[in-house]
Amino acid sequence: MSKQAKRLQETLERLEAGESLETSQGSLPVEELSSLSLASRLRAAAWPQRNPQTAQKQREHITALYSQEVEMASKNRLRLSLFNDWRLPAAVSAAVIVLLICGLMTIIGLGAVWVSTSRQVSLLPLPKMDISKQIEKDETSEAAVESPEDVAEPPELILETPESAAEQTTTLAPNEMLAGNEALLTNVQGLVEIRMNESWQAVSDETILTAGPDLRTGRFSGATLSFKDGSLAQIGSNSEIMITALDVDLSNHKRVIRLVQLSGESSHDVVPLETASGSYQVETPSAQGRVKGTQFHIRVLPEQTVWVVDDGAVEVSGAGSTERVNAGEMTRVMMDEAPDHPVDFITGQGEITAIGESWVIGGQSFLTHAHTIIIGNPQVGDLVFYEGHLLDNDDPVADLIALVRRNPANTFTLTGVVEIKSGTLWTVNNKDIIIPPEVDKGDIVDGDLVWVKGIVIVENEAAIFQAEEVRRIEDENATPFEFTGVVQKRGNESWVISSITVMININTVYDESLKVGDAAQVQGWIQKDGTWLASSIQRFLDQDSAFEFFGLIDSLGPDWEVAGIRFEVAEWAVIDTGLAVGDRVRVAGQILPNGTWLAHEIQRYDEPLMTIFVGKVFSIDPWVVSGLELNVVEGETIIEGNIDVGMLVRVEMQLLPDGTQIVVRISPFEGFNWELACQSVVVTVTSIDGDQIVLEGWPAIPLRDETQIEGEIRPGSLVKTMICYDDEMNVVLVYIIVLENPEIPPPDGCDDDDCDDGDDNRGKVAVCHKPHGKNPHTIVISWSAWPAHQAHGDTLGPCGNGPGK
Amino acid sequence: LQNISDAELVKRARNRQNDPIAGAEAVGELYDRYHESIFRYIWARVSDYQLAEDLTGDVFTRMVTNLPRYRYTGTPFQAWLYRIARNLVIDNHRKASTRNELLLDPEVNNRVDEQNPAQIAEDQIFIEEVIAMLKGLKPYKQDVIILRFIIGLSLKEVSKILGKTIGSVKVTQHRALKELRTIFELKTGEDR
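For the record, the sequence lines run as chains A and B.
Position 154 of the first sequence, counting from 1, maps to 489 under the working numbering, and the rest follow consecutively.
Position 184 of the second sequence, counting from 1, maps to 600 under the working numbering, and the rest follow consecutively.
Since the hints were made in silico from the structure, they are not lab data.
Quick caveat, the model's predicted, so the values are computed rather than measured.
Just so it is clear, CB atoms sit at the ideal spot from N, CA and C, and this is done for glycine as well.
Don't take each hint at face value.
[Unchecked claim] The calculated DSSO-like cross-link candidates involving lysine-lysine, where the alpha carbons are at most 30 angstroms apart (straight line), are:
1. B:LYS572 / A:LYS1055
2. B:LYS551 / B:LYS594
3. B:LYS594 / A:LYS1055
[What the hints assert, rightly or not] Here are the computed distance ranges between Cβ atoms for each label pair:
4. A:ASP864 / B:ALA423: 53 to 61 angstroms
5. A:ASP1024 / B:GLN466: 52 to 60 angstroms
6. A:GLU828 / B:THR477: 55 to 63 angstroms
7. B:LEU417 / A:THR521: 55 to 63 angstroms
8. A:LYS824 / B:ASP435: 44 to 52 angstroms
9. A:GLN388 / B:ALA548: 46 to 54 angstroms
10. B:LYS554 / A:GLU406: 43 to 51 angstroms
11. B:PRO555 / A:ASP1040: 25 to 33 angstroms
12. B:ARG499 / A:GLN391: 37 to 45 angstroms
13. A:GLN1027 / B:LEU417: 56 to 64 angstroms
14. B:LYS554 / A:ASP671: 55 to 63 angstroms
15. A:THR657 / B:SER570: 35 to 43 angstroms
16. B:LYS551 / A:GLU803: 26 to 34 angstroms
[To be verified] Far from chain A, by Cβ distances over 12 angstroms, these chain B residues were calculated:
17. ASN419
18. ILE420
19. LEU504
20. ASP507
21. SER584
22. THR598
Chain A extracted, bound-state conformation (with noise of 0.2 angstroms):
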């Protein structure tokens, strides 16, 4: 913060508490009393009210609306999907899988034990009904199943787990397809089975089910629950429930639906009844609850169940104490304990801009504590999601924070012919691109069609164009596909793997260990005739899922197809303008733990002398953008929208047949909000020479006066710093903290006895790290890790400072 800004406001503050202008601006500098007087002024001045007789019946309007609402919504509540929230947060299926498979490991044996192992399993094929037929033999079941304590008792959801249970009372909205007694699995996605005996076995959509089966999903998988009153259950990835009860008479508004869920995620909507007895009950191994709420959802965990409630409310109980959990809320309940009092659950994404005990996401803070659960490693200008509660002061709390996408700055993707240089360096739209040794290159030769991926470097103020994903776009007639799923049924001749058959050959290698159940990644090419033909089948072991395919769109949004496969588009999906059925594009995403196929970018492919790059604006006049000098030219380019320096601007360039290259486009990069005005972040100094420095990843940044600094600041450095702009767009430090200081190496000489006591307690310091022996970047790292980056050739200090260089 300046300090003209800062007394500003603080004379702003004694002008707001009342005091006069000519008492409050006290001491200010001349060229700050206009700004107060302006702001004075603003504050004194007469704005224009509403009209009242407007307000007044927008008032009356806006009642009446959620009168409407409140009754549409008793009408409509079947079309509500409960998992609308899940599916946004792409990245949270990674803490789910990372969560629940250790849940589903302490569970299942625990489970194994505390479910009865008299169930009986009723899995049948959906008949064509006979209504009539249908309701008699509903009538049958419920007066079968029927009892005075159901009788007495108000219709209520009821949700047990070990240590809760929840109720409710609503207005039905009946599947008069059901009887009383069935429900039915809709929505299967990926591995959906049920327990019959004791082996498990694959189920398809629109199966009915009775009381008493198993029933869980595998990763990347998910399933519905729909009941005849119209209650729905759905049930996310790796998660196990079964239906212990289930008898709906709607003639007598009776209900009883009792479920047991083991682990994994459920999300309910149960339909209230008005006037009914029964309840709807779920048991987990942690706790038990009366819903009162019609959404809520349940998080099994290791020792502990979640309830979050959406709407209405819950009553959650365990080890003989209950908890309210009204909507907004969420509590905890710990195995064999009282269940912790509730707290507003929030939710949400955004960008990263500081991490530490208190993380910065979306330009808010949040107090994070030792059980706050992180998941795919997050950085600064990542986007994230999150989930957490408030303190009783309102600070915001994080309990999970999960990587959605990568901050897609000084990124590239291109498509042309390669012409191969030498092993790590191609040519590609007569542009030089690295090709790291750890890249994968596959069979691609001289002359191929590639799509390259990868990330600018800005070193010296040049751009350096360095793959991260080579790939061949074109072989004969096919394309190219890649994806992560789970193992649905193998076969001679094909496989299915997360809904996609894939048919494999002689030449297809695939792990002979894999079984149903098993994630797998997979590639190929997809073929003239559409079929998916797998080169490579392999055991996957990450958490996170993935898919990339290219292909020709079928169908455009919002119900898009390429290649024949069905997928859906995240909010925040970097889509190419102007695309059209028939268009050839790349599709990349991730699978969620329902199954769901989630596209996060649509390309266009076809054009091959294309060069596609999103990075930050260094300067305007000449353009440049991550250290790359563009070619602009005017009449030609397409500049959309107010682009400012600092800004994350998408380029296309398009290479003329003089091997020049050409930009057609620069437009705003939308779907990440990269802030003009400030942003706090963490980062290493490369560099410091009296009046600038330089930090990794930045141009040199000029230190100026008002700049407040903290701490000594030296090469390699780590260090918090508030970057802004000025009016002219120049950046600005605001302050620099220095969070870590590499310590000064060792002195020559230095016996073992007395340098290493085996504790390494001598803290960290600033190497010039030389990956593969390209792109040297400044790291700090402990002393222990010295010997192992001495050994490939790091050198002490700083990059282009002291003994490093």
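Since chain A is already given, all that's left is putting chain B on it; use the hints.
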């Protein structure tokens, strides 16, 4: 209802199945609390009285229809409303060509101080100048000026609405005032 917090009103409004009457009252109270300031914000951004009235109605219509999906994410309810308003203003700017004319309501005289016509006239000119010159600032700076000084929200409230840190708002407020003052001085020769 006037002593009840926004959070509690929102809970009542969301708990519509169990108590729709209390929910409707809560919605009415939320409207009473914010319609005037939301209107002022929109008016300052679109410079058209009637359009601002209409968009204000749209903000609260969206509030009602989106309440079931509203989740507390650490941002106060008031900030959520302003975000709806901002989105509507942005949508409106996209759809319509830029308006340069300041359109005040010719029918309604909302001035409280009827005793000092000279002051009223001066204020009127001042307001017209401010609104016209605000357009010269970047939208983010416009938002800071409007929310801080025309509506009178605190730094913390503005930071929540705009999703920025307080420090960032403070810096922007300083710069935006300076910019506005410079424009004033250039165009009017007046030293404010």
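Please name the hints from earlier in the document that this structure breaks, with their numbers sorted from lowest to highest. Failing hints, ascending: 7, 9, 12, 16, 21 and 22.
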